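A.B. asks: Sequence:
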Amino acid sequence: MLKNIIYLTDDYLFIGNTKTKEYKKIKVPKNILKNGKVINLNKFLEFMISTINKNNLNNSIFGNNIKIIVSSKYNNVDITIIKNIFTKLNFKKIIIIEENKYYNLKPNKAYLDIFNNYMLLTYIDDYKEIKEYILDYDYFLIDNLFNMDYLEQFIKNKINKRELYLLGYGKYLNDFYNTFEKKYHNITYLYSNHDTFIIDSVK
Numbered sequence: 001m002l003k004n005i006i007y008l009t010d011d012y013l014f015i016g017n018t019k020t021k022e023y024k025k026i027k028v029p030k031n032i033l034k035n036g037k038v039i040n041l042n043k044f045l046e047f048m049i050s051t052i053n054k055n056n057l058n059n060s061i062f063g064n065n066i067k068i069i070v071s072s073k074y075n076n077v078d079i080t081i082i083k084n085i086f087t088k089l090n091f092k093k094i095i096i097i098e099e100n101k102y103y104n105l106k107p108n109k110a111y112l113d114i115f116n117n118y119m120l121l122t123y124i125d126d127y128k129e130i131k132e133y134i135l136d137y138d139y140f141l142i143d144n145l146f147n148m149d150y151l152e153q154f155i156k157n158k159i160n161k162r163e164l165y166l167l168g169y170g171k172y173l174n175d176f177y178n179t180f181e182k183k184y185h186n187i188t189y190l191y192s193n194h195d196t197f198i199i200d201s202v203k
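One point on numbering: in the working numbering, the residue at position 24 of the sequence shown is 24, and numbering is uninterrupted.
Everything hinted at is true.
Computed cross-link-like contacts, DSS-like style, restricted to lysine-lysine with a CA-CA straight-line distance of at most 30 Å:
1. Lys30 x Lys88
2. Lys203 x Lys37
3. Lys171 x Lys106
FRET-style restraints, in silico, Cβ to Cβ:
4. Asn186 x Phe146: 13 to 23 Å
5. Thr196 x Lys106: 20 to 30 Å
6. Tyr189 x Gln153: 15 to 25 Å
7. Ile130 x Thr18: 23 to 33 Å
8. Ile49 x Glu22: 16 to 26 Å
9. Ile142 x Thr87: 37 to 47 Å
10. Lys131 x Ile81: 17 to 27 Å
11. Asn90 x Thr179: 44 to 54 Å
12. Thr87 x Ile26: 15 to 25 Å
13. His185 x Asn104: 15 to 25 Å
14. Lys27 x Ser201: 21 to 31 Å
No lab work stands behind these hints, which were simulated from the structure alone.
Because the structure is a prediction, the values reported are computed rather than measured.
Backbone N, C-alpha and C define an ideal beta-carbon position, used for all residues, glycine too.
Please model the complete structure; the sequences and the hints are all you need to start from.
C.D. replies: Next up, the structure:
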C-alpha cells in the first residue's frame, strides 16, 4: 500500500501519510512552482531533499513509494519531469494522480480550486467532455490591477447555471464564496475541509 502522499499547489506543498492520517502544509519558496508546476528544477530538488529529511519520508519506516497529486493540466512532459525528480530522491514506485480524480464531476457541477496566485476551474461541458482552465490572476487585470469582477464574469460565462463547488486555501476564497452566488445565482458550496479536501480523499 502506498502511504506517502505529496500534493503540489502554487505556493504550498501538502505532505501526508494515508496510514497515520497526518498531513502538513509547507510553504514553498518563491519562483519554484507556478500554477502547480515546477519551474526551477534545481531549487525544487533542494527544497524536496530538505522537506523529505525533516518529515521522515522515504525511510525504513514509511517506505520508498509515493503518490503525487498534481494539477490535471499537467502534460506528459510535466509528468516526466516530476517522476525524474522523485526518482533522484530514491523513491522506487511513483504514482502520479490528477486532482480531478477526486471531484464528483457531473454535468450540473463545476469545481473551482482557489489558490493564492491562480484558480483551476473544472467542469463537464454540453458535449460530455471535461473542460479545465487555469485562471492566473495576471490574466485578469484592468489598469494593471487584479479585477475580481472580470474573473467572476469569465467563470459565469463558462459554467452557465452549474452548481459551483469551492476548494483550496487562496486569499480570495471567502470573498468569492460570499459574493458569487448572490451576484450570479449559481448555487455555491464550500467544503468544510476545503484546504485539505484533495489530500483527505486519497486512499
